[in-house]
Every structure is written in structure tokens, then in C-alpha cells.
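**Q** Keeping the supplied structure of chain A fixed, place chain B upon it in accordance with the hints.
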Amino acid sequence: MEQIKEMTAQESLKLISETLNNSRRSILRNNSKGFILWGVLLTVMSLVVYFAWHATGNAVWNLLWFAMPAIGYPLSMLLYKKKDSTVPQSFVGKLLGQVWGVFGVFSLVFSALAVFVVPMPITFTIVLLLGLAESISGVILKNWPIIIGGFILGVGGAVAATLLKTDAQILLFTLGGIVLAATGLIVKCQYK
Amino acid sequence: MFPKLDPLLHSELRLAVMSILADVESADFTYLKKQTGSTSGNLSVQIDKLTSAGYIAVEKGFKGKIPCTTCRITPAGTEAFNSYVEALKEYLK
Numbered sequence: 000m001e002q003i004k005e006m007t008a009q010e011s012l013k014l015i016s017e018t019l020n021n022s023r024r025s026i027l028r029n030n031s032k033g034f035i036l037w038g039v040l041l042t043v044m045s046l047v048v049y050f051a052w053h054a055t056g057n058a059v060w061n062l063l064w065f066a067m068p069a070i071g072y073p074l075s076m077l078l079y080k081k082k083d084s085t086v087p088q089s090f091v092g093k094l095l096g097q098v099w100g101v102f103g104v105f106s107l108v109f110s111a112l113a114v115f116v117v118p119m120p121i122t123f124t125i126v127l128l129l130g131l132a133e134s135i136s137g138v139i140l141k142n143w144p145i146i147i148g149g150f151i152l153g154v155g156g157a158v159a160a161t162l163l164k165t166d167a168q169i170l171l172f173t174l175g176g177i178v179l180a181a182t183g184l185i186v187k188c189q190y191k
Numbered sequence: 000m001f002p003k004l005d006p007l008l009h010s011e012l013r014l015a016v017m018s019i020l021a022d023v024e025s026a027d028f029t030y031l032k033k034q035t036g037s038t039s040g041n042l043s044v045q046i047d048k049l050t051s052a053g054y055i056a057v058e059k060g061f062k063g064k065i066p067c068t069t070c071r072i073t074p075a076g077t078e079a080f081n082s083y084v085e086a087l088k089e090y091l092k
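Residue numbers (numbering that gives the first Met the number 0), protein chains in the order written: chain A, 0 to 191; chain B, 0 to 92.
So here's chain A without its partners, still in its complex pose (with noise of 0.2 Å):
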């Protein structure tokens, strides 16, 4: 790029319009990583419990829940440090970090009450806030298929919750993590 060229309005707006456009795809290209990392370990960790308390329908399987946030976090942690180290932080990415944390401690500091304290709806609890989180990521990135997405992930997974067997339940987070990692892979698809 020179440095002394003459611009007219138009090409300048056209300048910064295109470096703004170029910029933000980068970096929320970037932040899919996070998307479809969450996603996946979801899915995988939402089957290991399914199937050890289907196997052995003992319900303390749902304690490896907890593990879900310190392999998380490290993993996602490595992948960012890995990989495209230079990618700065954008205030959209920032926006969809911090209702993803808020998100995450919600759903760590409502299922330690409910399994430790007072008795409460956690998978209803936690879909509902899933949906929710994954809505709200759709308005921030203006994405409709996303919004409704987490719209049909929060409130058809709080009804589906009321009706299935509790074992069966789990498998809503199959879905939530199938919802997540597709999310991160069409944020990928649509900043290419």
C-alpha cells in the first residue's frame, strides 16, 4: 500500500470500508476456533455421560460435567496461543466472549446449588441458557440462522426437558453442541 496517494471522498470511504471489512472477517474468523471447540467438547462430553449412566444407571456420571470447564478453558487457551497469536481482539469478538463467560459461570454456579445445595432443574436450566447465549451470539453477529437456532435449541430443549427421561435428557446437549460447533463452522463460512 503507498503511502502518499491522492484519494478522492470516495475511494477513501471505499478504503476504509474495505480495510474495516477486511479486519473484522480475520478476526471473527478467528473467533469460530472458540465456537467449534466448545461445540465439539460438548458433544463428546454430553455421550461419555450419556452412555456411562445409560451403562450403568448410576447418575453420579453427571459430576464429570465439572471437568468440562478445566479442559475447556487450557484447550482453548493452547488454541488461541497456537495459531494466528497476531489476530487482535475486536469489540464484537470481545461482546461475544464475555456472553459466553457470563454464560459459563451461570450454568457452573447453577448446577453446583442444584446438585449440591437445592434441588433444581438443571438440564431445563441449562438448555434454556444455552439457547439464550447462542441467540444473543446471533444478534451480535447478525446472523438470523443463528438466532434461530439458539431460539429452537433454548426453547424447544426447556420443553423436551420436561417430557424425556433424565438420562435421555443429555442427549439435548448432544444437540446443543452440534448447534455450537456449527455455529462456529458457519461464522467460519460466512467471514471467508
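Any given hint could turn out to be false.
[Claimed, not checked] No farther apart than 25 Å at their CA atoms in a straight line, the calculated lysine to aspartate or glutamate pairs in the DMTMM-like style are these: (1) B:K62 to A:E17; (2) B:K59 to B:E24; (3) A:K80 to B:D27; (4) B:K88 to B:E58; (5) A:K93 to B:E24; (6) A:K13 to B:E24; (7) B:K92 to A:E17; (8) B:K33 to B:D47; (9) A:K187 to B:D27; (10) A:K13 to B:E58; (11) B:K3 to B:E58; (12) B:K3 to A:E10; (13) A:K32 to B:D27; (14) A:K13 to B:D22; (15) A:K80 to B:E58; (16) B:K32 to A:D166; (17) A:K80 to B:E24; (18) B:K3 to B:E78; (19) B:K48 to B:D22; (20) A:K187 to B:E78; (21) B:K88 to A:E10; (22) A:K32 to B:D47; (23) A:K141 to B:E24; (24) A:K93 to B:E89; (25) A:K187 to B:E24; (26) B:K32 to B:D22; (27) B:K48 to B:E85; (28) B:K3 to A:D166; (29) B:K59 to B:D22; (30) A:K141 to B:D22; (31) B:K3 to B:E85; (32) B:K3 to B:D27; (33) A:K93 to B:D5; (34) B:K64 to B:E89; (35) A:K32 to B:D22; (36) B:K32 to B:E89; (37) B:K64 to B:E78; (38) A:K93 to B:D27; (39) A:K93 to A:E17; (40) B:K33 to A:E17.
The hints are simulated quantities; they were obtained by calculation from the structure and are not laboratory data.
**A** Only chain B this time, still in chain A's reference frame:
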């Protein structure tokens, strides 16, 4: 009468740098170089000019053992950038 365009921003590379920094908290030199497609020397010169004008702040540090220059837009830079965009819109009316 058309508003005067800020001559510091009315340069292709400096404008590209400001456009990127307006959308992020901070960006390092390597990222700016990659996104603008400029040479290291040219980018350094333009970053110095923007820094002297108080439009961006530069922080030099290390990422592990590798030197790293991080740039962020200042409030004065944001104001100048917004005014520049507003002025451009006047030209196109």
C-alpha cells in the same frame, strides 16, 4: 463549503491503519502489516506520524522472547477519525 479533510488521515496507509484500530482494542505491528499489505519500513514511518499527532499510542514489549509493538487508537484519534468520516460524507452529498 466543504469541510477540510485532516491531511494526516488523508493518506492511504495511515487511513487504513486508523480504520483497523478504530474497530479493535489494540493490534500488533505484524497484524497491521498483514492487513494493510505494507512494508515494515513504510508502516513504521506512518505509525510514528500518527503517534506524534497523538492519534495512536504505541507500546513496545515482548511476546515470549519476540519483540512486539502494539498500537491502540487514542480518544483524540477516535475523534479525528470520526470527524474525517463525517467530512467525507459531506463531500459525497
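**Q** Tell me the hint numbers this structure goes against, listed in increasing order.
**A** 1, 4, 10, 11, 16, 20, 22, 24, 28, 32, 33, 34, 36, 37
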